[in-house]
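S.K.: Mind docking these for me? Both chains are given alone in their own frames, and the hints should help you get the complex.
Residue numbers (the working numbering), protein chains in the order written: chain A, 1 to 142; chain B, 1 to 297.
Among the hints, a few may not be true.
Unchecked claim - FRET-style restraints, in silico, Cβ to Cβ:
1. B/90 / A/110: 45 to 53 Å
2. B/29 / A/110: 53 to 61 Å
3. A/59 / B/170: 56 to 64 Å
4. A/83 / B/50: 56 to 64 Å
5. B/261 / A/127: 34 to 42 Å
6. A/105 / B/227: 57 to 65 Å
7. A/82 / B/50: 54 to 62 Å
8. A/127 / B/259: 35 to 43 Å
9. B/254 / A/83: 46 to 54 Å
10. B/259 / A/105: 53 to 61 Å
What the hints contain is simulated information worked out from the structure, not anything from laboratory work.
The structure displayed is predicted, hence computed values, not measured ones.
Backbone N, C-alpha and C define an ideal beta-carbon position, used for all residues, glycine too.
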Amino acid sequence: MHGSPLLRTLTVIALLLLAGIPLWRMTHEAAAESVIPPATGAAPERRSQVHLEVGFAQKPLRFAISYLGKTIWESDMVTDLTEQKDITMPYPKEGVDLEYQVTWPPGTQQTAARLSVAPNDAEPVEKTLWGAGQVDDVLSFP
Amino acid sequence: MKTLRLLKPLAALAALLAAAPCASAGTITVASLSTILTEMAHTIGGDHVIVVPLVKAGMDPHEYEPQPDDLRKASDSQLILATGKHLENYLPKLSESTGGKAAVLQVGDAFPSLKITGEDAPKTGGLDPHWWHSIPNMKVAVKTVRDEFIKLDPANKADFTQNAAAELSKLDALNQWARKEISKLPRDKRKLVTSHDAFQYFARDYGFTIYPIEGVTTEDEPSSRKIADLIDTIKAQKVKAVFFENIENPKVIQEITQETGAKVGGELYADGLGTGEEGTYDGMFRHNVTTIVNSLQ
Numbered sequence: 001m002h003g004s005p006l007l008r009t010l011t012v013i014a015l016l017l018l019a020g021i022p023l024w025r026m027t028h029e030a031a032a033e034s035v036i037p038p039a040t041g042a043a044p045e046r047r048s049q050v051h052l053e054v055g056f057a058q059k060p061l062r063f064a065i066s067y068l069g070k071t072i073w074e075s076d077m078v079t080d081l082t083e084q085k086d087i088t089m090p091y092p093k094e095g096v097d098l099e100y101q102v103t104w105p106p107g108t109q110q111t112a113a114r115l116s117v118a119p120n121d122a123e124p125v126e127k128t129l130w131g132a133g134q135v136d137d138v139l140s141f142p
Numbered sequence: 001m002k003t004l005r006l007l008k009p010l011a012a013l014a015a016l017l018a019a020a021p022c023a024s025a026g027t028i029t030v031a032s033l034s035t036i037l038t039e040m041a042h043t044i045g046g047d048h049v050i051v052v053p054l055v056k057a058g059m060d061p062h063e064y065e066p067q068p069d070d071l072r073k074a075s076d077s078q079l080i081l082a083t084g085k086h087l088e089n090y091l092p093k094l095s096e097s098t099g100g101k102a103a104v105l106q107v108g109d110a111f112p113s114l115k116i117t118g119e120d121a122p123k124t125g126g127l128d129p130h131w132w133h134s135i136p137n138m139k140v141a142v143k144t145v146r147d148e149f150i151k152l153d154p155a156n157k158a159d160f161t162q163n164a165a166a167e168l169s170k171l172d173a174l175n176q177w178a179r180k181e182i183s184k185l186p187r188d189k190r191k192l193v194t195s196h197d198a199f200q201y202f203a204r205d206y207g208f209t210i211y212p213i214e215g216v217t218t219e220d221e222p223s224s225r226k227i228a229d230l231i232d233t234i235k236a237q238k239v240k241a242v243f244f245e246n247i248e249n250p251k252v253i254q255e256i257t258q259e260t261g262a263k264v265g266g267e268l269y270a271d272g273l274g275t276g277e278e279g280t281y282d283g284m285f286r287h288n289v290t291t292i293v294n295s296l297q
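With the rest of the complex left out, here is chain B (with noise of 0.2 Å):
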């Protein structure tokens, strides 16, 4: 009896904690609508995140428009994330679509955005989406990631803390690297002839100046004149190497590096991460760096 009276109370214990929210019990499942975005939400998830990635490395995000296996695979997630920025013009028609069971994040809409002119500008609504390519702008983005899934699965609040702040140190490291890196290059060198311009962030954080064959956006061909005008400015600039991409047809390029005598400087990632070594956003930043600071020097 005095035994059973003991065990009671343990008893009402065990039925507590097994009731209680297991800390790693909660997924979030989340569909992303860039390259970038997808290994971060992995990064600093980590196993509490189900990713679905909708734009893969090699789509070309200005190109993307959603399948409607890719609505149905936004409709069961309850978090989308966007780069924003105006990239994802379609975001109005998703969220309608979906019927807006999913939260939609547009990370960019947390930092500052550089302005556009020109023939692009309606486009975008004159900000320029290509942020990823400032490490101060891709730690603003892990912070935001990370208090989104903190606000959606505030259980495992530690995990995700603490996988963000290793990641926040690797951005650092990884920016002090392309600092040194890019300092091997004197900065009357620093000229960036490029598929499109989606390198200004890039271009403002290390002191480039951008000459691009197409506008923010890949969806129109230069025009000859605009190529003309490119050449003589080349020429003019003693710009050493023209930089194609994972993405672009590297033909008018081509006609460029004829033309001008500049060598062609190789493949940059502009749009996302590729595969293989650039599969991954240090992997991605290293290989532009070291692509860039190798041919203009």
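Extracted from the complex, chain A is given alone in its bound form (with noise of 0.2 Å):
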């Protein structure tokens, strides 16, 4: 009436290994997703915690910082002759390259703009562009 017990306890085995199965794809997936490199092939993206810091000889009316063409930190309302912002950005072992373009009023003479950069707390790099009026170029950070 009730079976053999070898009988019972085979088929008590037999389900629990059958629940198994989906717990076991789903922590291996998962586990395998986690190395999986980006699709694109190359190195996984080293991403940093950057302290950015602008400074200048005269209040601009705007200044944009830019990374691979993407604007990481703009504004039009300055208030102070420095300013600062912690962001997170890639930021591989080669360093990075970074557009910066300030505009001043009008009638503004020769001044200059200065932007610093620290990765991960390291000491900050700071480079200086001089110009009147507005200045557009590339800087390079270790």
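M.R.: The following block contains the structure:
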């Protein structure tokens, strides 16, 4: 009536194994996914916390900083002669090139704009652009 | 009688003016051993200079040997413009055969060289001759050619100075454009595999690493061992594209791309100007930068 105890034990083990299959698949697929490199075939992007600071000899109308052709920080309401910002961005060991654009009010004489970059709490590296009215150039940081 | 007395000084003044050298009369004949310098001589010299190009677009300056007709043209010139840095190893023979009548200006001697090592070093005196891929070098070259023209034809100093100043401004604008274009490419992707080792000055200025198939000259075929090593490097460095040149046979590059999976990035102008849009320095440089950035992004 109740069948063989051995048969019942084997049935329970088989059911447990069947139930375990989806669980095993889920856990192992998730583990494999975390080491798959990006679809582009490139090395995984090294993202870093980067501290940026801008400084001006005279207050500009606006400034913008771009990385790889995309604006990462801009302001057209500059209130102080220095401003700072922390951002998370890719920062390869070879360094980064940042495009720095600054526009001053018309008639502004020769003046200067500074950009300081410090990735991962490293010592900041400073670069300065000089110009009248507007400057727009690419600065390299290690 | 009174009228005659008045006319005499005027006539004397007219005679004096006629005898004085006219600012536009001087014409310098220049033979050029580089397509880059041919264009530069035209730009700076304007109407005051006749330029005779001995090395023309599409010719490999590493392989060029002057022909009898070239020697005659060089003899008839006042100035021979050469790349220098041992690119033209035939220069002593050329000077000898022209009887030293034409002054030789090796423009590349005006600025420091990148040093090379390896098989090609003895052929080039250990110097990399491809200086024109650096815009700062080009600016020094413009000033060097301008000063030489002024020395040969001082009457047209103002024109040479003005033309050179315009060219220097154009080079500054070109450099700023190039820096912005290249800034779109992450620094860890700035890896160039090229037919021969002609882009080290470019690499220095814009933060690239070069993996050349051949050495600094184009004279020797790469060994199978060298190609195998390069294939390993391309795989290890995950280089996305391999570039060929306007002069070289792209067969070896096809073999490398098949082995590594890297794509063919396109054609670069390594040893001089091309034709059409790439027939000017500005066009050639823009073509190279655009091709590199688009292929490696």
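S.K.: Kindly confirm whether 54 to 62 Å is satisfied by the beta carbon distance between residue 82 of chain A and residue 50 of chain B.
M.R.: Check passed, 58 Å falls within 54 to 62 Å.
S.K.: Given the range 45 to 53 Å, decide if the beta-carbon distance of residue 90 of chain B to residue 110 of chain A lies inside it.
M.R.: Because 50 Å falls inside the window, the suggested range holds.
S.K.: Starting from the hint 53 to 61 Å, judge whether the C-beta atoms of residue 259 of chain B and residue 105 of chain A obey it.
M.R.: 58 Å, holds
S.K.: Return holds or violated for the Cβ distance of residue 29 of chain B and residue 110 of chain A against the range 53 to 61 Å.
M.R.: Violated, at about 44 Å.
S.K.: Honestly, do residue 254 of chain B and residue 83 of chain A meet the 46 to 54 Å range at C-beta?
M.R.: For residue 254 of chain B and residue 83 of chain A the Cβ distance comes to about 52 Å; the hint holds.
S.K.: Check the following: the C-beta atoms of residue 59 of chain A and residue 170 of chain B are separated by a distance inside 56 to 64 Å.
M.R.: 33 Å, violated
S.K.: Please test the hint of 34 to 42 Å on the beta carbon pair from residue 261 of chain B and residue 127 of chain A.
M.R.: Between residue 261 of chain B and residue 127 of chain A, where Cβ atoms are some 38 Å apart, the hint holds.
S.K.: Could you tell me whether the CB distance from residue 105 of chain A to residue 227 of chain B stays inside 57 to 65 Å?
M.R.: 59 Å, holds
S.K.: Assuming the hint says 56 to 64 Å, is it satisfied by the Cβ distance from residue 83 of chain A to residue 50 of chain B or not?
M.R.: 58 Å, holds
S.K.: So the hint says 35 to 43 Å: do the beta-carbon atoms of residue 127 of chain A and residue 259 of chain B match that?
M.R.: 41 Å, holds
When held up to the earlier numbered hints, the structure conflicts with 2, 3 and fits the remainder.
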